[in-house]
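*Asks:* Next come the chains, spelled out residue by residue.
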Amino acid sequence: MGMTITEKILAWHSGLDEVVPGQLINAKVDIVLGNDITAPIAIGEFRKAGAAKVFNKDRVALVPDHFAPNKDIKSAEQCKILREFAKEQEISHYYEAGEMGVEHALLPEKGVVSPGDVVIGADSHTCTYGALGVFSTGVGSTDLAAAMITGEAWFKVPENMKFIYNGKLNSWVGGKDLILHTIGAIGVDGALYRAMEFTGEVIDNLSVAGRFTMANMAIEAGGKNGIMAPDDKTMAYVKNRCERDYRLFKSDDDANYFEIMEFDCSKIEPTIAFPHLPENTRGISEASQMNIPIDQVFIGSCTNGRYEDLLEAATVLKGHKIHPYLRMIIIPATQEIYRRAMKEGLFDIFLDANATISTPTCGPCLGGHMGILAKGEKALATSNRNFKGRMGHPESEVYLSNPAVAAASAVMGRIAGPDELD
Amino acid sequence: MKFVGKAFKFGQDIDTDAIIPARHLNTSDPDELAKYCMEDADPDFVKKVKPGDFIVADKNFGCGSSREHAPIAIKAAGVSAVIAKSFARIFYRNSFNMGLPILESAEAVDGISEGDELDVDTESGEITNKTTGNSYKALPIPPFMQELIEAGGLMEYVKTKKMNVK
Chain A
15 MGMTITEKIL
25 AWHSGLDEVV
35 PGQLINAKVD
45 IVLGNDITAP
55 IAIGEFRKAG
65 AAKVFNKDRV
75 ALVPDHFAPN
85 KDIKSAEQCK
95 ILREFAKEQE
105 ISHYYEAGEM
115 GVEHALLPEK
125 GVVSPGDVVI
135 GADSHTCTYG
145 ALGVFSTGVG
155 STDLAAAMIT
165 GEAWFKVPEN
175 MKFIYNGKLN
185 SWVGGKDLIL
195 HTIGAIGVDG
205 ALYRAMEFTG
215 EVIDNLSVAG
225 RFTMANMAIE
235 AGGKNGIMAP
245 DDKTMAYVKN
255 RCERDYRLFK
265 SDDDANYFEI
275 MEFDCSKIEP
285 TIAFPHLPEN
295 TRGISEASQM
305 NIPIDQVFIG
315 SCTNGRYEDL
325 LEAATVLKGH
335 KIHPYLRMII
345 IPATQEIYRR
355 AMKEGLFDIF
365 LDANATISTP
375 TCGPCLGGHM
385 GILAKGEKAL
395 ATSNRNFKGR
405 MGHPESEVYL
415 SNPAVAAASA
425 VMGRIAGPDE
435 LD
Chain B
5 MKFVGKAFKF
15 GQDIDTDAII
25 PARHLNTSDP
35 DELAKYCMED
45 ADPDFVKKVK
55 PGDFIVADKN
65 FGCGSSREHA
75 PIAIKAAGVS
85 AVIAKSFARI
95 FYRNSFNMGL
105 PILESAEAVD
115 GISEGDELDV
125 DTESGEITNK
135 TTGNSYKALP
145 IPPFMQELIE
155 AGGLMEYVKT
165 KKMNVK
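Note that the protein sequences, when read in sequence, are chains A and B.
Sequential numbering of the first sequence, starting at 15, is according to this note's numbering.
Sequential numbering of the second sequence, starting at 5, is according to this note's numbering.
The following block holds chain B by itself, in its conformation from the complex (with noise of 0.2 Å):
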């Protein structure tokens, strides 16, 4: 999937509770959760974001719970990828199990500015920030993670039955 939109710079250790903080997780409702996606870092995001925009954050991102609510308030707030340096490691699982593209690139995050334009392929994980000219090559997704994404996630993983053979 090819995505274009302005990135939304943050700095190292993001939390899942700067994601979506625990006072809104006693609902599940995505539409609900994305009123509140980075409110704690950020108390505007929501007002600022766009459908296609990108996070662009340092390192371990979405460090501490295991809350999938995280993930969810990001796409459902219209984010179309993530791009970091590092991410937490359930954050990462979780993003891929619910089909919310992440990219892995010290590069792309240390070239790209709040606001610059960028255009990403999250299949072959080019970055091009259009507003500087330079491109970037994200890590490369594991091949089973990329079973799973062409799957469809891992609930179509499973129910093809493939978990139940050796």
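Just chain A, same shape as in the assembly (with noise of 0.2 Å):
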């Protein structure tokens, strides 16, 4: 019987030929991943046990960018820990504000993970890696105090659900329609304990971005982990960034798949997740005409804040004004992809249409700052979660929708698709 992707990562991680489904392993981890939020209990786990040093100062990642730039003194004293632990471990892969970015866009772009890569992270968006042809999956923070000290993890061989995009693509349809459209399909639990492999003509014509996009959502839909088989498309992504040596593996013809999904794509349209789960999807046609007014829209996240998200919204927003009394706040991810929407000029279409631009930071995504919401007001977000109280007041609302159907809807003040602009 053949294996797939992610059971061959697994295999050649734990020291076997082969692994299936429901299996227990013990797997080499080759980066593990904490943040501001979720490393500082790992490092009080890590002392608690009396560890001295982390198992390898080179394959420990830790990013303080939730709550960063430090939003309140709670949250400075929780960067401090990161920070000294850090220093006093030689962490390699540590970022500070001026460095920093939105973990899942920052480790890919800093080629701190490589294809075929065992990656754990105490952030459930870790599965966005698996774009790359990486197994990565979210833990919680002591599963990362144990790896800090082990270099291992343990898993449970997942089922594998097989996802097959057929057909041409809508315009302004994305990476972020596609998995919305995915998770409206099955369900927030769909795909629950189960890895998620994306496959078909689309995914092969799709951007490395739209893919980190596809990947991160996983979660969303309960699953371990999200995949593509890496291509062409990922060597030169990979290419000149990557630090270390890659594997590249793909599933066999005759490997096993729990349940085998295709999509036509064409019947595809900018898909909007609507309050309070990324499951209650509708299409843009359908979400449009209910004329749902928004009182600010963000475009960021580690699922669309990225360069191609960025070109996206400003080619739609260029030439336009967002509507009064709407707060537009714009994330890019990265430093480098700051740099770069500054120098494209997409800096200038923003700012013309009144837009606002922040330092990169997960804050409003998950209601930490940046950008909260007051009661009763409703936001349209490019972010990956919409559950009640997600960006701020538990009476909020969050609407998700892809970047160029944000940008529109910032203009028009109601949740519209870029079609409907001038």
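These are computed hints drawn from the structure, not numbers from a lab.
Derived lysine to any residue pairs resembling SDA-like cross-links, with alpha carbons at most 25 Å apart:
hint, chain 1, residue 1, chain 2, residue 2
1, A, K62, B, E36
2, A, K402, B, D33
3, A, K176, A, N219
4, A, K402, B, Y96
5, A, K402, B, K39
6, B, K89, A, P289
7, A, K335, A, W186
8, A, K402, B, K89
9, B, K163, A, G64
10, B, K39, A, I95
11, A, K402, B, A80
12, A, K42, B, E151
13, A, K85, A, G112
14, B, K13, A, N294
15, A, K62, A, S106
16, A, K402, B, G15
17, A, K88, B, A38
18, B, K39, A, E91
19, A, K62, B, K163
20, A, K42, B, M102
21, A, K42, B, A155
22, B, K163, A, F69
23, A, K182, A, K247
24, B, K163, B, I153
25, A, K85, B, D35
26, B, K39, A, A90
27, A, K62, B, M159
28, B, K51, B, A38
29, B, K39, A, N84
30, A, K389, A, P307
31, A, K170, B, A155
32, B, K163, A, G58
33, A, K170, B, I145
34, B, K54, B, M5
35, A, K170, B, G156
36, B, K163, A, R61
37, A, K402, B, Q16
38, B, K163, A, I95
39, A, K170, B, E108
Values in this document were obtained by computation on a predicted structure and should not be read as measured data.
Given two chains presented individually in distinct reference frames, assemble the corresponding complex, making use of the accompanying hints.
*Replies:* This is the structure:
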């Protein structure tokens, strides 16, 4: 029996020729990641266990990105715990404000994660790196502490689900719409505990940025990981970035899948997730007719804060002003993206439209800072979650979309598609 | 361990933002986190819950973020165990790693109403609803997870160096 890409990566890291779903394994991890919310607990556990040194100072990544730059005194204390630990342990992949970015955009960009890796991170969106053919999954702080000491983690080999995307993409449809549509089809626990493998001609033609967006939201369907087989596009992305050797895995033709689902993408339009779950999806034509006024638009996050996302928003926004009394907050996910967007003139388009631009941070995505919602307010965000109270007051609402729809909606002051602009 | 307490019922897909909203994540102090436990699902939960009580929820409890603050807040609020139809993956893993007993049983969830008095044995998975007199059996805990519990959690397990032995 053949194996899937997920099974092959897990087998390779456990020193086994073969693994099967349900099997418990101890795998070597290539990178372990923590942020300013999750790492302080892990560092506490690390100390309590009496550990002196991390297993490898080049394989631990610490990124203060959630409430950084420090939003208040308590956050400052959390970030300080990371900084002091990074200094003491001489952690190579620690990023202070001026180099910092949203972790899941930053690590691939810096070449810290490589195709074929096993990566665990104390952040649920660690599954993002699957876009490069990495097995990566979110864990808690205690798992992070254990892995910082041992360089290993235990896993139950997941069942695999294959998603095949065929057909021609409609205009303004990208990775965000494909993944929202998928979550809408299977539900927020539709892939619970399972590997989600994304394949098909549409994925072959999708940019690496679009693939990151899709893998990023595997967790929103309950998935353990999301993954794409590496190809020429992957190689072009990792070339001149990856600091370690990589291994390219792909699924065998006779690999075993728990379920295979096919989508005809010509039927998928720009997709919106309505409050309060990512599975509450509707197409833009329906959403637009509902005439839903919005108070804030957020473009950024580990889901859609990459250069391609900002370019898409700028293309729609060019020559327009945002609606009066609406706030549009744009947050490039990393310093590199920030600089490129500035150099390529996107900042002028944003500023001319009366949008604000912030230094990289997770900020508003989780209701941390830089754009909290008041009671009764509605936001359209390019991020990944629209749970109750996610971006502020428990009685505020979050809608999720791609960057083009977000930009068009900022101009119209209501949820609207890009084709509705003059 | 055996626990006796009241059931607090919640719906499906209770996410980690409802269990402990991100606005309170600028600390990892259990007592501080306990003050806001379940705040966005039931703002009065902390006022009503007593040590030993149970959270009883529908499917996919704990979906969303990887924050260990969620099981920490529940445990620190005095909740003895969570019973649900199913759990989100990271929440499930975190609960074992830090010692919050969780039990999966769709029948028990359907047979328990808000305020029912429960008797729960977290080791055997026996759930008795003293209010109705009905008993239920939770899905067995996988053997490896039992090993983790017996070792006293993941960190103790690591200390015994079992992680380094193939």
